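Colleague: As you go down the protein sequences, you meet chains A and B in turn.
Just so you know, we're using this note's numbering here: the first sequence kicks off at 1463 and counts up by one.
Just so you know, we're using this note's numbering here: the second sequence kicks off at 1027 and counts up by one.
Just so you know, these hints were derived from the structure itself, not from any lab.
Quick caveat, the model's predicted, so the values are computed rather than measured.
Do not take every clue at face value.
Below, in silico cross-link-like pairs of lysine-lysine (BS3-like), each with a Cα-Cα straight-line distance of 27 Å or less [to be verified]:
hint: 1; chain 1: A; residue 1: K1539; chain 2: A; residue 2: K1466
hint: 2; chain 1: A; residue 1: K1563; chain 2: B; residue 2: K1424
hint: 3; chain 1: B; residue 1: K1332; chain 2: B; residue 2: K1270
hint: 4; chain 1: B; residue 1: K1186; chain 2: B; residue 2: K1227
hint: 5; chain 1: A; residue 1: K1498; chain 2: A; residue 2: K1470
hint: 6; chain 1: A; residue 1: K1604; chain 2: A; residue 2: K1539
hint: 7; chain 1: A; residue 1: K1633; chain 2: B; residue 2: K1186
hint: 8; chain 1: B; residue 1: K1424; chain 2: A; residue 2: K1595
hint: 9; chain 1: A; residue 1: K1468; chain 2: A; residue 2: K1539
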Amino acid sequence: MSDKPKVKVATVWLGGCSGCHMSFLDLDERLIDLFKLIELTASPISDLKEIPAVDVGIVEGAVCNDENEHVLRTLRKQCQVLIALGDCAITGNVPALRNQKVLTEVLDRGYVETESTHAGEVPNEVVPTLCQKVRPIQEFVKVDAHIPGCPPDADAIWYALTELLAGRQPKWDATNVRYD
Amino acid sequence: MTDTNPNIITINPVTRIEGHAKITIHLDEAGNVCDTRFHVVEFRGFEKFCEGRFFAEMPQITARICGICPVSHLLASAKTCDAILGVDIPRPAKLLRELMHMGQLAQSHALSFFHLSAPDLLLGWDSDPAARNVVGLIQQHPEIARKGIRLRKFGQDVIKTVGGRKIHPDFPVPGGVNRALTAHDRDAMRAGLPEAMEYAKFALDLLTKYQDTHRVETETFAAFDSNYMGLVQPDGALEHYDGKLRFTDLNGNTIEDQLDPASYIDVIGESTEPWSYLKFPFIKEQGYPDGMYRVGPLARLNIADKISTPQAQQAFNDWRSARNCIRTSSFHYHWARLIEIIYALERIEQLLDDPDITSTDIIVITEPKNAEGVGVIEAPRGTLFHHYWVDEYGRIEKANLIVATGHNNLAMNQAVRSIADQYVKAKELREGMLNRVEAAIRCYDPCLSCSTHAVGQMPMEVALVDATGQVIQTLRK
Ligand code: SF4
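For reference, chain B alone in the conformation it holds in the complex (with noise of 0.2 Å):
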C-alpha cells in the first residue's frame, strides 16, 4: 500500500491490472468507518482538445467518448449543434434520432444485466470468480445468456439499420440526419420486436423472482435518500430524447419542474477532489457536498408521473407502490433499467407505426446563428448535457460536457460508504464486503469511459491498515 495515512483501507481494484477505478475506506481513531471514496483514474482531455475543431466534426468526435453509448453522445452532440444552428429540425429526423436512441437504451441496458450483472444474480456472489462473468454464464446457463445476447442484439441491429453501423454511426448530423429509413428497413426491425420482447419481459420475470426471494437484501442495498434528476415530457411522462429538466428532492417533492435545460448551470455545480478524475456534480442551492442527487433510470422511474407506453406502465405501477412512489435501493437501478427496456421496445414499435418514419424530410442546411448552444439527452445511464460556444466561423471556442455518470459521482460514493459500514467491523475486514462493495458500484452501471473509464467487473485488493501504518490484514479476489 502506498497510502501514506496509517488509517485507510484501500480496496485496490483496478490500479495495477487495469488501472481505471479503486477505492479506499478511511477509519478514524477507533477504528470506524469515517470515509469512502470512489477514486476514477482515467482521464482523456475533450473538453479542451475539441477547442478550434469545427462545430459539426463534434458529434463524431464525441461520440468517441464512449462505446457503450456513443448513441448518446452523437445525439447530445447534434442537438448542440441544432442550437447553434438556430433551428428547429424537421419531425422525421427528431423520430429517427428518437428511434436509434431507444435501440442504444435496450441494448446498453440488456448489456448492464444479462452481460454484467446477470452472472452475479444467477451464479451466485460467492461463485468461482473465474466463472463469474458472460462467458460461465454462457456455459452455465446457455439459455438465458443467448436471450440476453439476442436481445442486446436488436438494440445494436436497430441502430445499425438507422445509421449504418453499430458502434459509432455517422447519422445525426447538425440540423437533423443524412440517411432516410426506408420502408424495408423499417420493416425488418418491426420482425424483429416480438422476440425481443419476450425476452425483456423475460428478464424482468427473472429479476421480479430474485427480489421476491431476497426482499430484505434488495430493498436495503446500499439504500439511501437522494435528490433526483432527469427529463420529462410535459405532463410528467418518461422521456429520453427530448423534454425539460425536473429535480426532486428525497421525499419526491419537486424542486424544480419544467427547467429549460439551457440553463443547467444556473442550477448544477461541480466541485473537484484531488483523488478523483471524475468531478463532482451537485445542485447549487444546497451545496457541496449537501446537493447529492441521482440519475439514470432510478431517478427516471423516481421522478416520473408515468410511462407513455402501457406495458412499461404496467410495470411501473409496482414501482410506484413504494412509500412516496420513490425507490432509494441502489439494487433497484437493474428493475428500472428492465422496466424501461420495455419501454424502449414499445416506442421503437410506435415510431416504426408512425408514418413520418420514412419521409426524406430530413435535415435543415443553414449556416450557424447562435455562437452558443447546449444539448441535452437522457443517456442510458442518466442526463448528458454538452455546451459549446463557436467563433463566427462555426468553430468550437470552449466546450463543457458533464456526462451522466458524473451526475452519481457523490451517489457512488455514498453506496461504497453504506456498504462499508454495514460490513467494516471491528477492524476486520469481511469477505462479503468485496463483492458486496462491487455490486454496489456496478448497480450504477457507471459508464467510466464516459467520464473517464469502465469498472466492468472490478477485481478487489482490500488491505486494512492500522494506526501504526501495518498492514494487518489483506483479501484479493
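Just chain A, same shape as in the assembly (with noise of 0.2 Å):
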C-alpha cells in the first residue's frame, strides 16, 4: 500500500430507502480495492457516527424532517466535496410524493385510519419534526457532484467516485445512466 494519505469519506442516510447505500455495497470485490484508496469514517455500515472532518461526503435521501437537516448541514460543514447520491437526494424522489398531500393527513392516515390500527394516535414524543415538504438536498446546501439513479447501479457509482478521486467531475450520459 502506498503511503498517499486515504481519502476521508462519511456518508449519510437521510429520507431514502438505503437502496443507494446497498448498490455502493454492489461493489461488492471493488470494495476491497476502494478501502485501500479511501477512508470510511462515519457511515451507516460503520460504528462512527459523530462526522469527524472529510474530504467528501456523500448523502443518501431527501430532506424529510427537521433531523435530516440537521445532519446535512453538519456533514456540509465537515466535508470539501459533497456527492448526492441518488434521485431522493437530488430531486425528492418517491419520499416527495407526499409532497401532494397535506402532512396532517399523511400522519392521521399512518397512525389513526388504517384498518389494522386500534386506537391510534399520531406519536409525538422523542420523534423528529417532519417537514411540511419534502425537499432534495441542494434547497439546503451547496452540491458538488450527482450521481444520478433510482439506485444508481455500482457501476455508475465507482465510475463517478474514481473520477473525483482522479480529480475530474462525473460526466453523465446514456452509457453510464440509466432509468429503466
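Starting from the two chains in their separate frames, assemble the complex, guided by the hints.
Modeller: Here's what the structure looks like:
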C-alpha cells in the first residue's frame, strides 16, 4: 500500500430507502480496492457516527424531517466535496410523493385510520418533527457532484468515485446512467 | 438530555447524527429498570401518498420502501395486484418470482451476517469501534470478508439475472412477470451455486463454533418467551413465497394454522405509542401488549415442522433439539438466518431444474375484477402484508401495510428490556451494556428502512439521570 494519505469519506442516510447504500455495497470485490484508497469514517455501515472532518461527504435520501436537515448541514460543514447519491437526494423522488398530500392527513392515515390500527394516535414525543414538504438536498446546501439513478447502479457509483478521486467531475450520458 | 422525566436514561444512538432510532431506559424510584423504549424516528407516509395511483404502479412505488429487501415489496405488491385482478398467475411466473425471492433471501441474510454482525463476532465486542465494521473485516479477515461479499453478490446476481437489475428491478407485474428466463441465464446461475453453498456452509460452521464456545451467552442472549408467526406450506414445511399463516404460542402449541393471509386483519391489530413512528402489532385475542409475537428467521424455524430441502433439513435437526423445538434466544436469529441461506440455495437449484422455469407462459393480461386485495410474503425479516382497495378504474383508494420489522417491534423492545435488566445495576451504567443493547437490536436485523430506517451499527450515548434530573454519568462510544 502506498503512503499517500487516504481520502476520508463520510456517508449519511436521510429520507431514502437505503437502496443507494446497498448499491454502493454492490461494488462487491471492488470495495476491497476502494478501501485501499479511501477511509470510511461515519456511515450507516460503520460504528462511527460523529461526522469528523472529511474530504468527501456522500448523501443518500431527501430531507423529510428536522433531523435530516441537521445531519445534512453538519456534513456540509465537515466535508470538502459533497456528493448527492441517487434520485431522492437530487430530486426528492419517491419520498417527495407525499408533498401532494397535506402532512396531517398523511400522519392520520398512518397512525389513526389504517384498518388494522386500534385506537391509534400520531406519535409526538421524542420523534423528530416532519417537514411540511420533502425537499432535495440542494435546497439546503451546496452540492458539488451528482450520481443519478434510483439507485445508481454500482458501475455508476464506481465511475463517479474514481473520476472524483482523479480530480475530475463525472459526466453523465446514456452510456453510464440508466433510468429503466 | 432533553427528556424532562428525571428517571429516564436515554441511549441516544442516532438522533443528532443519523436520526433513525434511539433507546430510553426508565428507572423507578428505587433506581431499578421499570421500562425500556426502542424509538423509531422516521416516517415516509406510503399509506397515504399511494392513494389515487393506478394499482399497477404499486410494485414499483412500494419497492422504494426498502433498498435492502425491495424484492419483498415488489412481490407482496404484485400478489396484491393479482388478487385485485382475480387471477391465479401461470406456474412459470410463480417459479420465477420465487427464484428472485430466494436470491434476495440469500443476499439479505448474507449482508446481515457478514457485513453487519460478523465484525462483532470476529473482531470482538470490545474491539476498536473505528475498525469494527465491514471495512475492518476486509482488512483483518480478508478471506472471510471476500466470502461474505461473494455470497451476497450471488444473491444479488440472481435478482439481476431474473429481473434486469439488482435493486428495484422492474419484473413482477400484476398477473405475472414481464420477462422469461433464457436457458443461458439459467445455466449461468446454476454455475454459481457450488461456490455460494460452500460459503453458506462456511458461515454456518463459523457461527456453530462460536455458539459452542459461547454457549451460555448465546443461549440466554435476550432470550424470552413469545408467540411466533409466519407462513408454512400445507404440510407445515418452511415457506417464503406462498403458503398460509401459522401462529404458535411460547410452548410451540399452534394457536392458528393454515389461516388465509387475506384474513390477517381478524387476527392482528396494531397499536401506536406517542414515542415511536413504528406501530406495534399484536395478536388481537391476547390484547396489547400481551399479544407480542415474533416473526422472521427465528420465528419461521420455530413454527415450521420441517424444511423441504435435504441440507437445510439436516441443519434444522439441530435447531429442533431444543425444548419444545423452540429457540427463544434473540442471538439465534443469526443461526436461523444461516440455515435459511442454505435453504434458499437448495431451493434455487430446484427451481432452476424445473422445466417450467424457462417457459414463456408468464403473464395473464386482464382487467381488475375485485375492489380489494391482500398480498403476503415472507420477507427476509418476516411476514409482509400489503392490502389495497381500488375504485372501478383500478385507482388506489386506500392502502394498508404491515412490514416485517413492525411485527417485531414489541419483541425488540422486550429484547432491550432484558439486556437492560441484566446490565443496568445500582443506578450505574456499565460499558458492556452499550454493545449488548446494540447487539440485541441487531439480532432482529431490523429493516427500519421498511418501517422507517436502519439502525445499522448504532452509535450510543447513554446518560444516567438521577431523581433530581441531574446527569450523573454519561457513556458514549
Ligand atoms: S434514490 Fe431510489 S434507491 Fe436511492 S434512496 Fe431513493 S428510493 Fe432508494
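Colleague: Evaluate each hint against the coordinates.
Modeller: Quick rundown of the hints versus the structure:
Of the supplied pair hints, the one linking K1539 (chain A) and K1466 (chain A) holds, its CA atoms being roughly 24 Å apart against a limit of 27 Å. Taking the CA atoms of K1563 (chain A) and K1424 (chain B), the gap is near 14 Å; set against the 27 Å cutoff, the hint holds. Between the alpha carbons of K1332 (chain B) and K1270 (chain B) the distance comes to roughly 15 Å, so the proposed pair stays at or under 27 Å and holds. With a CA separation close to 24 Å, the supplied pair K1186 (chain B) and K1227 (chain B) stays within the 27 Å bound.
Note on K1498 (chain A) and K1470 (chain A): the hinted pairing holds, with a Cα-Cα distance of about 11 Å set against a maximum of 27 Å. At roughly 10 Å between alpha-carbon atoms, K1604 (chain A) and K1539 (chain A) fall within 27 Å of each other, so this suggested pair holds. Note on K1633 (chain A) and K1186 (chain B): the hinted pairing holds, with a Cα-Cα distance of about 25 Å set against a maximum of 27 Å. Only pairs whose Cα atoms come within 27 Å are accepted, and K1424 (chain B) paired with K1595 (chain A) is accepted, the gap being roughly 21 Å.
Straight-line distance between C-alpha atoms of K1468 (chain A) and K1539 (chain A) comes to about 20 Å, which keeps the hinted pair within the 27 Å bound.
Hint compliance for this structure: every hint is met.
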